[in-house]
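Novice: Just need the whole structure built from these sequences, with the hints factored in.
For the protein sequence lines, the chains are E and X, in the order given. Residue numbering for the first sequence follows our numbering, beginning at 1 and increasing consecutively. Residue numbering for the second sequence follows our numbering, beginning at 1 and increasing consecutively.
No lab work stands behind these hints, which were simulated from the structure alone. Warning: the hint list may mix true and false statements.
Once the Cα atoms are required to be at most 20 Å apart in a straight line, the calculated SDA-like pairs of lysine to any residue come out as [said to hold, decoys possible]: (1) E:K17 to X:E334; (2) E:K127 to E:E88; (3) E:K17 to X:R414; (4) E:K18 to X:D355; (5) E:K17 to X:F419; (6) X:K271 to X:I68; (7) E:K17 to X:E413; (8) E:K127 to E:E143.
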Amino acid sequence: MSELSELYQQVILDHNKKPRNFRKLEQANHTAEGYNPLCGDHLTVYLALENGAVKEIAFEGSGCAISKAAASMMTQAVKGKSREQAEELFTEFHSMVTGELDEETQENNLGNLKIFAGVREFPVRVKCATLPWHTLHAALNNEEHVSTE
Amino acid sequence: MVQTVDSIAPQSVSDKWDVERIRADFPVLHQTVNGKPLVYLDNAASSQVPQVVIDRGSVYLEHEHSNIHRGVHYLSQRATTAYEGAREKVKRFINARESRECIFVRGATEGINLVMYGYGRKFIGEGDEIIISAMEHHANIVPWQMLCQEKGARLRVIPMNDAGELLLDEFDGLLNERTKLVGVVHVSNALGTINPVKEMIAQAHKYGVPVLVDGAQATPHMPVDVQDLDCDFYAFSGHKMYAPTGSGIVYGKAELLEKMDPFQGGGDMIKTVTFEKTTYADLPNKLEAGTPAIASQIGLGAAIDYLNTIGREQAAAHEAELLRYATERISAIEGVRIIGTAKDKASVLSFVIDDIHPHDIGTILDQEGIAVRAGHHCAQPVMQRFNVPATARASFAFYNTKDEIDVLARTIERVIEIFS
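Specialist: Written out as C-alpha cells, the structure reads:
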C-alpha cells in the first residue's frame, strides 16, 4: 500500500478531519462554487480581495478527503498572496498533480503543497485535488460556477 | 411468474453451487489488479462476459458477418438467422407472446427513450401526468422530464420509506384520470430493493394506465415473465446480464408498439420511401432503424443460453446467500451504515462509513484489487433522499465468493484504520 500511503499522508488526513478556514466568509467580495458531478464533490470558495491581493479566504462544502484537504491547504497557501501569485500556484499545483512538473527538480513555490504529488499516481483522483483550485480561479475571475468532469 | 431470491431456500441449494467451475467460465476474473487477485464487485454497473458468449461473438465475426434483413446472399441470410434467433431466445427468456414484441436497443436507457419518443410524445400532452418512483435511475427520470417540459405534462413521484421501500398507498393516491404512464424500476440499482411491480401494474391498470418497467437490474438476478407481470413495456440491458455492451431489449405489448411512432427514421424501418411519403415497416423493424449491434445482440442470445445452462434458481440462491453474508459482515463493522434495507432485495449492497467519503473508500479498495462503485449511481434523488452525497456499492454476481466478501470486509476495516 505504498502509493496509498503517499496519497493519504497524515497531513492530508489531518486537514480532512479539521479543515482550516472552513466557514462562510461574510466580507467576501468574490465567491465561486465548484462541483464535480462525477463524485458529488461540492464546495464554495469565498475571497476577500483587497488591492489585488487575497486578504481573506475561506471555503465550505463537502467532498472526499483529497478535495477537502486540498481546499484547506489551498486557503493557507494563497492567503496574503497577490492575485497573480495565486494563479501561478494554481498552475504549478495543476502541473504537479498531472505529472507535468517535477516538484523536486523544477523550480516552484509549492512549499507544503508538494504533499499532493502522490495524487498523480491516481489519475481518477486528480480532479478531486484540483477542484478547489479551479474554483479559486473562477472566483478570482468573477465566474460563479465551475464544474469538472 | 416473478421469482424473488427470497423464495428459494438459500443454504441447501447454495451448497451445490460449484462457484469455482462457474468462475472458470469468465476469463476476465482471472487476473491481478495492483498485485492482488481481482475481486469484481461492480456487477450492477456491468457484469462480466463468459467465454461461450465471447466465442459466439467471434464465430459471428469470423464466419457469419454481413448486414441483416437485406442481402439475398448467403452471409446476409446467416447473419439474419443468427440475429433473429437471438430475438427468439429473448422472447422465451421474458415469455413475450411474440418475438416482434422484443425490440433490440442499445440498452435499457435507449429502450426507455424509445418509449418516450414513440409512445410518450404521441399520447401524452398538456396537463397529463407521468408517475415514476423515488428510486429511479436517471435513465427513467430524465426522458420523462424532457417529455414533461416539451408537452407541459407533470412528473409525479412515488415516495419511499427509510428502508428504501416504495409507499404503495401513496402510489394509489397519485393515480388519477390525468395519469398517462407509470415508469417504475423493477430492482433499484442504488438500493437493491425489489419492487412489487406486479401489484403496481395491476393498480395502474385499474385506471387504464400503461406501465413501463425498468428491468436493467432485474434480468441478471431473477426470472422475468412479462405476461405474468402484465407490464406494457419492459426495458433491460444485455451488459448487466453477461452479454456485451450495446445489446438490450425493450419489450412492448404488440398493440402498443403498433400504435407508436417510430423512434428513429432510416434504413430497415420502412416499407416504401418516396420524397412525398414514407410507409413504415411492420414490427419489430419499424422501431429498429439502421444497422444494429448485430454481434452484441447475438451475444445477448448466447448469454441467455448460458443462464439457462447454469441453472437460474441455484444462481439466485447463491447470490441471496452472498447478500446475506455480506450484509452480516459489513454491517457488523463499526461506523458502517447500509443504505437500502428493504425486506426484498437483490444482491446489491450500498454503504457509507462515518466521515469517510465513498471515493476515498473506492480508491483504497481498488488498491487491494477490489472493484466497487463509488458515487451517486446515476440516482441522485436517491442520495438526496438518504441525505448522503454518495455511497460505496458492492454488487454481487453468481460468480462471486464468500472469500471475496471477507477480503472486502477486511479492507473496509483497513479504510477505517487509515482514517482513524
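Novice: Are the hints correct? Go through all of them and say.
Specialist: Status of each hint after checking the structure:
1. For the hint pairing E:K17 with X:E334, the CA-to-CA distance comes to about 18 Å; that is within 20 Å, so the pair holds.
2. A hinted pair counts as satisfied when its Cα atoms are at most 20 Å apart, and E:K127 with E:E88 qualifies at roughly 18 Å.
3. Only pairs whose Cα atoms come within 20 Å are accepted, and E:K17 paired with X:R414 is accepted, the gap being roughly 17 Å.
4. The suggested pairing of E:K18 with X:D355 holds, with an alpha-carbon distance near 11 Å, which does not exceed 20 Å.
5. With a CA separation close to 9 Å, the supplied pair E:K17 and X:F419 stays within the 20 Å bound.
6. Annotation: proposed proximity of X:K271 to X:I68 holds, straight-line Cα distance about 16 Å (limit 20 Å).
7. For the hint pairing E:K17 with X:E413, the CA-to-CA distance comes to about 18 Å; that is within 20 Å, so the pair holds.
8. Between the alpha carbons of E:K127 and E:E143 the distance comes to roughly 19 Å, so the proposed pair stays at or under 20 Å and holds.
Of the numbered hints listed earlier, not one is contradicted by the structure.
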